[in-house]
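Order-wise, the sequence lines are chains A and B. Mapping of the first sequence onto the working numbering: residues 680 to 975, in sequence order. Mapping of the second sequence onto the working numbering: residues 5 to 801, in sequence order.
To be clear, the hints were calculated from the coordinates, so they are not data collected in a lab. Be aware that one or more of the hints could be misleading.
25 Å max Cα-Cα, derived DSS-like pairs, lysine-lysine [what the hints assert, rightly or not]:
no. : chain 1 : residue 1 : chain 2 : residue 2
1   : A       : K709      : B       : K772
2   : B       : K615      : A       : K910
3   : A       : K926      : A       : K709
4   : B       : K615      : B       : K568
5   : A       : K938      : B       : K615
6   : A       : K926      : B       : K785
7   : B       : K615      : A       : K813
8   : B       : K664      : A       : K709
9   : B       : K637      : B       : K232
10  : B       : K313      : B       : K437
11  : A       : K891      : B       : K785
12  : B       : K615      : A       : K872
13  : B       : K664      : A       : K938
14  : A       : K891      : B       : K772
15  : A       : K878      : B       : K437
16  : A       : K910      : B       : K437
17  : A       : K891      : A       : K926
18  : B       : K744      : B       : K157
19  : B       : K153      : B       : K636
20  : B       : K764      : A       : K709
21  : A       : K926      : B       : K764
22  : B       : K772      : A       : K926
23  : A       : K709      : A       : K938
24  : B       : K615      : A       : K878
25  : B       : K345      : A       : K926
26  : B       : K261      : B       : K157
27  : A       : K709      : B       : K785
28  : B       : K153      : B       : K232
29  : B       : K452      : A       : K872
30  : B       : K636      : B       : K157
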Amino acid sequence: MTMKYLKYFFPAVLAALFSACTERVEIDLKEAGEPKLVVFAEITNERKAHALYLSRSVPYFYNQEGPVVAGATVRISDGTNTTQLTEDITQPGVYLTPEDFAGIPGFTYRLTIEDVDVNDDGIAETYSAETEMKNTVPVEHITVIYNSRWDGWEVKLYALEPGETTDYYLFKVYKNGVLYTDTIDNYWTTDDKFFNGNKIDGPIVQYFDEEKGEIVNPGDMVTLEMAGITKEYYEFINALQQEVNEKIPLFSGPAANLKGNISNGALGFFAVMPTSRGSTVYRGEGLPQAVTVTNN
Amino acid sequence: MAQRQISTNQHTTMFRKLLFLLAFCQSSAGITFASPGEDGRSERKIISGHIKDAENGETLIGATLFVEEQGVGTASNEYGFYSISLLPGSYTLSYSFIGYQVVEKKIDLTENTVLEIELTPESKKLQEVVIAAEKKNKNITRVEMGVEKLQPKVIKSIPALMGEVDLIKAIQLLPGVQTTSEGGSGFSVRGGTPDQNLILLDEATVYNASHLMGFFSVFNNDAVNDLKLYKGDVPAQYGGRLSSLLDVRMKDGNSKKITGAGGIGSISSRLTLEGPIVKDRTTFLFSGRRTYLDLFLPLSGDEDVKDSKLYFYDANMKFSHRFNENNRLFVSGYLGRDVMKSPDFRMGFGNQTFTVRWNHIFSPKLFMNLTTVWSRYDYELGTSDDRPESWLWESDLQDVGLKADFSYFIQPEHSLQFGLQSFYHGFNPGSAKGIGSQTVFSEYTVEKNQSLEHAGYVSHQLKIGEKLVVKYGVRASLFQNMGEATVYHFDDNFELTDSTTFAAGDIYKSYFGLEPRIGLNLMLSEHASVKFNYNRSRQYIQQASNSTAGSPLDVWFPASPNIKPQVADQYAMGYFRNFGNDVFQASVEAYYKDMRNTIDFADHAELLLNKQMEGEVRVGNSKAYGVEFLLKKTEGRLTGWLGYTLSRAERTVPGINEGKTYVAPFDKPHDISSVLNYDLSRRVSFSANWLYASGQPVTLPVQRYEINGTIIPLYSERNGARYDDYHRLDLSLTLRGRNKRNRPWSGEWVFSAYNVYNRKNTWVLNFKQDEEDPRETYAEKTYLFPIVPSVTYNFKF
Chain A
680 MTMKYLKYFF
690 PAVLAALFSA
700 CTERVEIDLK
710 EAGEPKLVVF
720 AEITNERKAH
730 ALYLSRSVPY
740 FYNQEGPVVA
750 GATVRISDGT
760 NTTQLTEDIT
770 QPGVYLTPED
780 FAGIPGFTYR
790 LTIEDVDVND
800 DGIAETYSAE
810 TEMKNTVPVE
820 HITVIYNSRW
830 DGWEVKLYAL
840 EPGETTDYYL
850 FKVYKNGVLY
860 TDTIDNYWTT
870 DDKFFNGNKI
880 DGPIVQYFDE
890 EKGEIVNPGD
900 MVTLEMAGIT
910 KEYYEFINAL
920 QQEVNEKIPL
930 FSGPAANLKG
940 NISNGALGFF
950 AVMPTSRGST
960 VYRGEGLPQA
970 VTVTNN
Chain B
5 MAQRQISTNQ
15 HTTMFRKLLF
25 LLAFCQSSAG
35 ITFASPGEDG
45 RSERKIISGH
55 IKDAENGETL
65 IGATLFVEEQ
75 GVGTASNEYG
85 FYSISLLPGS
95 YTLSYSFIGY
105 QVVEKKIDLT
115 ENTVLEIELT
125 PESKKLQEVV
135 IAAEKKNKNI
145 TRVEMGVEKL
155 QPKVIKSIPA
165 LMGEVDLIKA
175 IQLLPGVQTT
185 SEGGSGFSVR
195 GGTPDQNLIL
205 LDEATVYNAS
215 HLMGFFSVFN
225 NDAVNDLKLY
235 KGDVPAQYGG
245 RLSSLLDVRM
255 KDGNSKKITG
265 AGGIGSISSR
275 LTLEGPIVKD
285 RTTFLFSGRR
295 TYLDLFLPLS
305 GDEDVKDSKL
315 YFYDANMKFS
325 HRFNENNRLF
335 VSGYLGRDVM
345 KSPDFRMGFG
355 NQTFTVRWNH
365 IFSPKLFMNL
375 TTVWSRYDYE
385 LGTSDDRPES
395 WLWESDLQDV
405 GLKADFSYFI
415 QPEHSLQFGL
425 QSFYHGFNPG
435 SAKGIGSQTV
445 FSEYTVEKNQ
455 SLEHAGYVSH
465 QLKIGEKLVV
475 KYGVRASLFQ
485 NMGEATVYHF
495 DDNFELTDST
505 TFAAGDIYKS
515 YFGLEPRIGL
525 NLMLSEHASV
535 KFNYNRSRQY
545 IQQASNSTAG
555 SPLDVWFPAS
565 PNIKPQVADQ
575 YAMGYFRNFG
585 NDVFQASVEA
595 YYKDMRNTID
605 FADHAELLLN
615 KQMEGEVRVG
625 NSKAYGVEFL
635 LKKTEGRLTG
645 WLGYTLSRAE
655 RTVPGINEGK
665 TYVAPFDKPH
675 DISSVLNYDL
685 SRRVSFSANW
695 LYASGQPVTL
705 PVQRYEINGT
715 IIPLYSERNG
725 ARYDDYHRLD
735 LSLTLRGRNK
745 RNRPWSGEWV
755 FSAYNVYNRK
765 NTWVLNFKQD
775 EEDPRETYAE
785 KTYLFPIVPS
795 VTYNFKF
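Bound conformation, chain A alone (with noise of 0.2 Å):
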């Protein structure tokens, strides 16, 4: 969480001391070789048709909507059942589980991609990828803080961590029931370094920003999910948010793909986590909070 902050800090000194500047500007890059398999998918505890986006990578500059893989054969795999996923109708590239499917804390999932020809050599690849739910933890309740010096909405977790195992949360956020966090790269995460078998007294965990137009009224129903991960999927989106943020030479690695889950060389992440959820009904800036608590 500090290196979130820091993201913050160090722009803003480097900006003011010296009149850095930046142009777009035209590049000439490599070959870009074969195109690959992009899988992605979050399969919650939720009972519902959850859903996996197959796609394929495509020359950096390519400037247009990416391609999506049509008619794979899609299974996934608790060990002792396997359910096969159908394709959406209307969108090409959608694979959905049955409506009544929910994924369940402590299992381990296999996931299948059969009858795919991603790089058009005539030949059908299979891939894999296998994962575990974790557990999470109810969030007890929320609050919701305009904080001015930020100009933005601080959305503040309260919970009890247990203390046996190192435990990965994600963030997300709705607001009035819709999905708020709704790209990867807006997602919050955490480990539990500075909370492990602690109570959770109100760290910032998810945030609206002003700035981007990103605004909580009064009476608006925000409703934080927070959900168990695998260590590999948060090691995954944190680097997901390195490659994609600003790079900045002071702190910045080198740039490295992403490690995903994903076997025979394809891109992307299969995960399945259990979510809990606790809502509050914002009231306006300086007035107390109505705690209401909805636990998955």
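Once you've looked at the hints, dock chain B against the given chain A.
Below, chain B alone, put in the same frame as chain A:
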């Protein structure tokens, strides 16, 4: 306990080996070691003393004495001491030093003689044709190679960024030395990393030589007497780093009269005061510098800016005392700090060093220097206010060391150097905790690690016949990890498996190694020589940093049961040739460096506040090779140098770049630097430097893919591309005031411009998603410095 036993044994073995080596040196040199200077055993008589500046009494390091009749000579050491033994007779002694008038002494040598020599600086005469240039071929005669020496006045004449004279920026202009990042004070020597440079200020290690996120270095040029950069041939006395030694010596302080110097620059002011407390016996020096950018912040209308702080300061101080001819004491210290504070965050970091040295002359042939050093680097970072989310993050490291160094001047043809040293390193890699009155964070502390680093060395220089000089020696080093500590164990996938705890004082891991060093110099003529050099070095502590520019937060970590020491073997050959009465010095040096246990870090490594940071380390091999060309002109109206380096540095590290060899982060195949200073008249001089270097290696994307609305780059190979070539021109003009007899002070104006033709050199390339059309990605270049003009006024009294 068993482990402690082993280390004691290793200790004993080490000393036994050393003693053996000493004995070997004696027998090979055919001399008797037990009788330094004892009369009667040798018919030779000794001339010894110190060589100093006549105007301020400052020590002259590396000044030479040449005995005309014998064709032999010697040079003064770091404390200005020299010694030479000759058969009784009449001699003409000529003492010289670059930029000083030659002093000749006739002597009838019948008994041991002490000659304290003072040399007068050459005044800035215009039509001066240098006459006494005979002994200016030191670059040809000495065995050392890969060594660059810069004097403060040369450094001062180089145009500087924002007018801040900076010695590290000056050495970055030497062949084989690279800037690690635009405007930064990190440097890479022969393709190495910045943490492979040993930076010493009066013998104390400076762990972070930068101010203000790296844009300025900690060295205040006004307080510096001498600096030497060893790019390969590091003397056996020093070790612990693979790439280089930067040896910076502070002035002792004027022993004749109280003087001062200072300057008012665009971003900082400086003041130095020095003088005798007791004339020719006790001196002091105090030098301070502070930036004052922040003094203007309150003028800002912006509330946030108004409450911000942003400055750095540093102070150097030194006392020296001469008890008598044979005993001198030097006490010196440095203190520097950067402070940044905004309404939300604050940060501070800085170095402190403290050195006490005692020079003792046992006999005119045997010189000893006993040094105790202490140095510390620390930083703290946190929130400024008291909120439940407030936090504080601190880290520090500390060195305490004791060194005894001996120089034994046997005969003009032989000299021996030997010594012992022990250092303690205590590193606190970091601790972060909540500090608000109702904190939401518990504490996370990475355990302190402690280690000992011992070394013994001996080095013998021998002149064989008229043409050949040989220097050989060995350094034996022993490194020990000391409890209390927790050592984490990792499996082949670098996943944590287990840990072991060791009690306080336990030596739980030791590494021992010999570091042979050999140098040969074959004089082809008075003006040409060929040199060869082999050097092994071992590095036991290193920095956890994988960024190009480095940051003040980077922490150091030692060799350990998980991390083996880095080892380098360097082979170098050079041809040195002087022209035009030694006014032009030309050299070509080729080197090949083979390194083992090279450290790199896993992709997306978490190097800060990580108890299992060792699990992020990847170890492999690396090599570097290259040729350096240098043409230097040291006298006349036009002085300066032109350097060109052709080089290559690469690494092979399992776990990085799929195990394939990749270009090292500071590999810059072509590097040109030209530094010129032209005296237009006695009062006006003009300086220019132009540099060119191949672009920095970088990993660029070849493909992209989309996950949940975010476009992610896909890279091909590590460091597979380069930024655009780097080049830049800097200019400066110095106008000196007339020396008025009734005015006790003199001053000069320095006008300079950095990056004169406004080249937009890439600092970083970022790849972004277009805000309007998220499907479009583009490259964005950030460059730091456009043309930066500055004015400085310097004065002295």
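Quick rundown of the hints versus the structure:
1. A:K709 x B:K772: holds, 18 Å
2. B:K615 x A:K910: holds, 16 Å
3. A:K926 x A:K709: Between K926 (chain A) and K709 (chain A) the Cα gap is close to 21 Å, so the pair holds against 25 Å.
4. B:K615 x B:K568: It holds: about 18 Å lies between the C-alpha atoms, which stays within 25 Å.
5. A:K938 x B:K615: holds, 22 Å
6. A:K926 x B:K785: holds, 11 Å
7. B:K615 x A:K813: Judged against 25 Å, a Cα distance of about 23 Å means the pair holds.
8. B:K664 x A:K709: Holds, at roughly 18 Å.
9. B:K637 x B:K232: holds, 18 Å
10. B:K313 x B:K437: holds, 23 Å
11. A:K891 x B:K785: holds, 24 Å
12. B:K615 x A:K872: Distance ~10 Å between K615 (chain B) and K872 (chain A) Cα, so the pair holds.
13. B:K664 x A:K938: With Cα atoms ~18 Å apart, K664 (chain B) and K938 (chain A) stay inside 25 Å; holds.
14. A:K891 x B:K772: At roughly 17 Å apart (the allowed maximum being 25 Å), K772 (chain B) and K891 (chain A) satisfy the hint.
15. A:K878 x B:K437: holds, 15 Å
16. A:K910 x B:K437: holds, 23 Å
17. A:K891 x A:K926: holds, 21 Å
18. B:K744 x B:K157: holds, 22 Å
19. B:K153 x B:K636: Holds, at about 12 Å.
20. B:K764 x A:K709: This hinted pair holds, its Cα atoms lying about 23 Å apart.
21. A:K926 x B:K764: OK: K926 (chain A) and K764 (chain B) at ~18 Å, within 25 Å.
22. B:K772 x A:K926: holds, 11 Å
23. A:K709 x A:K938: holds, 22 Å
24. B:K615 x A:K878: The given pair, whose Cα atoms are some 22 Å apart, holds under the 25 Å limit.
25. B:K345 x A:K926: Given that 25 Å is the threshold and the Cα spacing comes to 23 Å, the pair holds.
26. B:K261 x B:K157: Holds, because 20 Å separates the two Cα atoms, which is no more than 25 Å.
27. A:K709 x B:K785: holds, 18 Å
28. B:K153 x B:K232: holds, 4 Å
29. B:K452 x A:K872: Judged against 25 Å, a Cα distance of about 18 Å means the pair holds.
30. B:K636 x B:K157: holds, 16 Å
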